[in-house]
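Colleague: This is what each chain is made of:
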Amino acid sequence: MKETLSGNEAIARGAYEAGVKVASAYPGTPSTEILENIVRYPEINASWAPNEKVALEVGIGASFGGGRAIVAMKHVGVNVAADPLFTLSYTGVKGGLLLITADDPELHSSQNEQDNRHYARFAKVPMLEPSDSQECLDFTKLAFEISERYDTPVMLRTTTRISHGKSVVETSAPVTDLPQPHLMRDPAKYVMLPGNARKRHFVVEQRMSDLAKDAATLPVNRIEMRDASMGIITSGVSYHYVREVLPEASVLKLGLVHPLPLDLIREFAGKVETLYVVEELDPFIEEQVKALGIAVKGKELLSLCGELTPGRLRQGFGLPAAQQMAAEDLPGRPPNMCPGCPHRGVFYTLNRMKAYVSGDIGCYTLGFMPPLSAMDTCVCMGASIGMASGVVKVIPEEERSKVVAVIGDSTFLHTGVNGLMDMVYNKAASTVIILDNRITAMTGRQENPASGHTLMDDPTFSVDLHMLCKAVGVQHVRTMNPLDLAECEKVITEEMARPEVSVIITNKPCVLIKREGVFKKGPCYVVDPLSCTGCRACLKIGCPAIQWLPGEGKKGIAHIDALLCTGCDVCRQLCKFSAIGEANER
Amino acid sequence: MSDKVTNILLVGVGGQGILLASEILSETFMLAGYDVKKSEIHGMSQRGGSVVSHVRFGSKVYSPIVPEGEGDILFGFEILESYRSLPLLRPGATVVVNDLCIPPPAVLNGQQEYPAGLPEKIAARFPDFLLIDGQKLAADAGNARAANTVLLGAISNRLQIEEKYWQEALERMVPKKALAVNLAAFALGRSL
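Chains as they are written, first to last, in this note's numbering: chain A, 2 to 587; chain B, 124 to 315.
Source of the hints: derived by calculation from the structure; they are not laboratory data.
Incorrect hints may have been included.
Stated by the list, open to error - With a Cα cut of at most 25 Å, we get these calculated PhoX-like pairs of lysine-lysine:
id, chain 1, residue 1, chain 2, residue 2
1, B, K300, A, K515
2, A, K403, A, K355
3, B, K244, B, K259
4, B, K299, A, K3
5, B, K300, B, K259
6, A, K515, A, K403
7, A, K577, A, K355
8, A, K291, A, K254
9, A, K491, A, K403
10, A, K254, B, K183
11, B, K127, A, K3
12, B, K299, A, K254
13, A, K3, B, K287
14, A, K254, A, K125
15, A, K272, A, K291
16, A, K491, A, K577
17, B, K127, B, K183
18, A, K428, A, K355
19, A, K394, A, K471
20, A, K515, B, K299
21, A, K3, B, K183
22, A, K556, A, K541
23, B, K287, B, K300
24, A, K214, A, K272
Required output: the full structure, derived from the provided sequences and hints.
Modeller: So this is what it looks like as structure tokens:
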């Protein structure tokens, strides 16, 4: 059947057609929808893991048990999963194992732009790179064949354009003849002590060498001869930009980007006059072609930074650009916390207290944006607590009480709890605020071990964050209502003054949680235009529901959009003139 | 079937139903027998940011994004976002815009003003310009939230696709209980 599917939907479909038994992931843009779509196939046991390392370990277990497994993450997630990955390359697999890395050229929603093709080379595992949704489906199935044929995990790299782009896909029926998983022992292969691992390293090198030879015959690597004056080696979405912008050029289209089909590259280079590599981000293919002693042009024409586009490719190849009108300077529309977001009161308070905020990855990273402007660092998932421990080790004593780490519930369970253990164990006195909004909000409201529900929406045990912090050794754990500014100021002030580790846990849910009874919308608030003095105090929380009307009153007045207001009450607390109140009281 | 690829851009603010509208468009083109590619960026925050969705159809589509300066049709859900996207268009492109201003943060807090006279400026550059009161028409159809379907109807007039494919795509993509309202909203848009 023909359907339009996104790359992520097509990977989910491919997993189903390949007879995958287990899927595990931690949500991360642009990979999140892979598992959200795998849920449509009840044959697959799909679950959110607390982090990418655990997700991969679940996948490895399923594979060693003989079932096919798929593990998905965004590019930076592979950094977290790298530890098991590099040794998994040595053990190999039993059931096929596919690790998806969803890279994000142009950093549409990421903290860096790393090119994870390097991981395939570094960890010595084969990597496939699809260029549209049909290939996402086909390559997912092919990955399991390669994985089992060569006894290796396989990586499949997508980019945001592939993950979130849609194109027409032909689907088919799932395989039915896979062996039934059961326990199998083979410690020489699966116990990577030095004595065993030394032997396995030779197996790894032999496998990669075999794969490199066979790569020339894999149909996913193909030469498309057209005009021989220009030959382009390319892969992924770049292939389509090449076909769009340089339709006459001959192309070596690579579906397997590691190991590279060196014989095919030599053959192609011998057929064309000038050879180019068109690839996003790093010169991954280009450098390996150069190492063969073949003259090739690549990164001198295209940037190392950012996503490729048809326009950038045109420019790189010196082709005339389409006539375009110039862009004007217009008010920007940056991301913002939602109206009623429970993080707003905490960041407003931290800003007032001039705290040094060690931040983390999540919706609350937007606490960096003005007017809240209350975040000083943000590096990676879980880093806020460890970094707070580090900074208090070097700064003068009088500055130490200024340091606060903020972290979300999902991020805390991802890798934050390790930092908290270190903070307590090594006595780095600092305050940690766990912004517990009961969900993994930023990626679109995924469940996590503290939310009480699984990916399949079954009720489950919910981690007690308060008891967890106690168990780690934190003596002072408090709960705080983040929508009560007076309480925020009191609690944060007291805990920052404390010369010991302390944890504050906020207790209001994300406003977007749809499950019955979790988030309750309050009465909508209004501004009394006669009482509003135009002091602008309510604008300091940056709520999208509050609009400034410069032409009204003496100095302008504030107005609350009834459709957007959730009745969180934070703006009312800021108004010294009692001009803001519930609509039904006015 | 012409070989030329048609480039459509859908722009607006997160939460306006742009992704659903672009899905309905893609589905329609696929049903009509074309190759289709769609591309959009989301993530970072769930609401409020700029959203741009690219839909391309033709006998064979390569790039999933509209080459810069080659947009044929701009389908704007909000005025400022429509204006911001004009550089993506070719001269003589068709522009259909919902008559709605959603002030961005710097305007909400009084630091900047929402630029005035944008529809007139768009019309001056792109004579094939239609400004639609999508909210009002959607309310006439039964639900103000169906403004995106009114706009789809208006766009459908500018594309040579048989009406039955639009109907089928709407039936496939719109939730059952909202279908009647959306079909009415589509018809109102198509009558413009």
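Colleague: Given the proposed pairing of A/K556 with A/K541, does the C-alpha separation stay at or below 25 Å?
Modeller: With a Cα-Cα distance of about 17 Å, the restraint between A/K556 and A/K541 holds, given a limit of 25 Å.
Colleague: Taken at face value, is the distance from the CA of A/K3 to the CA of B/K127 at most 25 Å?
Modeller: The hint holds at about 22 Å.
Colleague: Could you grab the alpha-carbon distance between A/K394 and A/K471 and see if it respects the 25 Å cut-off?
Modeller: 23 Å, holds
Colleague: Hint check: B/K287 vs B/K300, CA-CA at most 25 Å. Holds or violated?
Modeller: 20 Å, holds
Colleague: For A/K403 and A/K355, compute the direct alpha-carbon distance and say whether it is at most 25 Å.
Modeller: Measuring from Cα to Cα gives roughly 7 Å; hence the hint holds.
Colleague: Would you check the hint for A/K254 and B/K183, treating anything up to 25 Å between C-alpha atoms as holding?
Modeller: Holds - the C-alpha atoms of B/K183 and A/K254 are around 18 Å apart, at most 25 Å.
Colleague: Need the status of pair A/K3, B/K183: alpha-carbon distance at most 25 Å?
Modeller: 15 Å, holds
Colleague: Given the hinted pair A/K428 and A/K355, is their alpha-carbon gap at most 25 Å?
Modeller: Within the cut-off at roughly 24 Å; holds.
Colleague: Holds or violated: are the alpha carbons of B/K300 and B/K259 at most 25 Å from each other?
Modeller: 21 Å, holds
Colleague: Run the distance test for B/K244 versus B/K259: straight-line Cα separation, threshold 25 Å.
Modeller: It holds: about 23 Å lies between the C-alpha atoms, which stays within 25 Å.
Colleague: Is the straight-line distance between the alpha-carbon of A/K214 and that of A/K272 25 Å or less?
Modeller: 20 Å, holds
Colleague: Given the hinted pair A/K491 and A/K577, is their Cα-Cα distance within 25 Å?
Modeller: 19 Å, holds
Hint compliance for this structure: hints 6, 12 are not met, and every other hint is.
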